[in-house]
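Spelled out from the first residue to the last, the chains are:
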Amino acid sequence: KAGVTQTPRYLIKTRGQQVTLSCSPISGHRSVSWYQQTPGQGLQFLFEYFSETQRNKGNFPGRFSGRQFSNSRSEMNVSTLELGDSALYLCASSLGYLRSYNSPLHFGNGTRLTVT
Amino acid sequence: AQTVTQSQPEMSVQEAETVTLSCTYDTSESDYYLFWYKQPPSRQMILVIRQEAYKQQNATENRFSVNFQKAAKSFSLKISDSQLGDAAMYFCAYRSAERSQGAQKLVFGQGTRLTINP
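Respectively, the protein sequence lines represent chains D and G.
The working numbering runs 409 ahead of the 1-based position in the first sequence.
The working numbering runs 39 ahead of the 1-based position in the second sequence.
Keep in mind that the hints were calculated from the coordinates and are not lab data.
On a predicted model such as this, the values are computed, not experimentally measured, just so you know.
Treat the hints with care, since some could be wrong.
Listed next, the in silico BS3-like pairs over lysine-lysine satisfying Cα-Cα at most 30 Å (straight line) [claimed, not checked]:
#1 G/112 to D/466
#2 G/109 to D/466
#3 G/94 to D/466
#4 D/422 to D/466
#5 G/94 to G/117
#6 G/112 to G/94
#7 G/94 to G/109
Just a few of them, taken from the derived set where beta-carbon distance is under 10 Å, the chain D residues facing chain G [to be verified]:
#8 457
#9 464
#10 465
#11 503
Ideal placement from N, C-alpha and C gives every residue a C-beta, glycine not left out.
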């Protein structure tokens with residue numbers, strides 16, 4: 410079974426631009442979440458989607474947004490990029506809310522975003 | 040809000056020996072889940088072990104075991120017979136059992152970098 414796939418693996422953008430990151434969950438997983446990892450702040454929860462609906466959101470500005478498609482694939486978007494948005498963005502998937510609420514999260518390899 | 044603290048930024052151990060990584064957390068909830076994740080240089084977070092707070096028995100997965108002290112809010116990870124492949128960043132994480140908190144929201148500690156000396 411294929412794992413969580415994130416594309417691209419590396420991305421370099423300029424301040425003020427916007428970026429879209431993609432995540433394909435494990436087949437059959439319906440919950441997808443996003444995390445930001447930086448040396449200073451560590452791992453922080455961005456948001457979570459299930460059945461195309463945002464279920465939970467972390468404490469990030471509105472420049473960070475996401476969505477989930479009917480096939481459970483998810484994208485996150487960051488608009489008006491700032492230098493501080495440079496980070497590793499990790500996506501995770503799980504079975505979700507229905508039969509296996511406490512099913513473990515499976516993470517992808519992340520997208521390394523550098524803002525110059 | 041819940042917090043997770045890992046007080047050891049770095050640890051090192053000789054191959055084949057045992058090492059314990061510390062984690063404490065703060066919560067007012069009575070039901071929750073605790074996890075240890077490993078992040079090697081490949082960047083992928085890999086689940087090592089998990090513990091349900093309502094279970095008194097400490098979780099064990101092969102060479103990995105935890106010491107869960109609910110009253111003390113402590114959740115340490117013991118790695119026995121350390122192997123070179125165990126070298127990685129280790130993160131302790133908390134997840135609420137309240138469905139309103141979401142199924143995937145983890146609160147992570149700052150991590151402990153584990154080095155294995157041959």
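Subject >> Structure-inconsistent hints, enumerated in ascending order >> reply: Nothing - there is no hint that the structure violates, so all of them hold.
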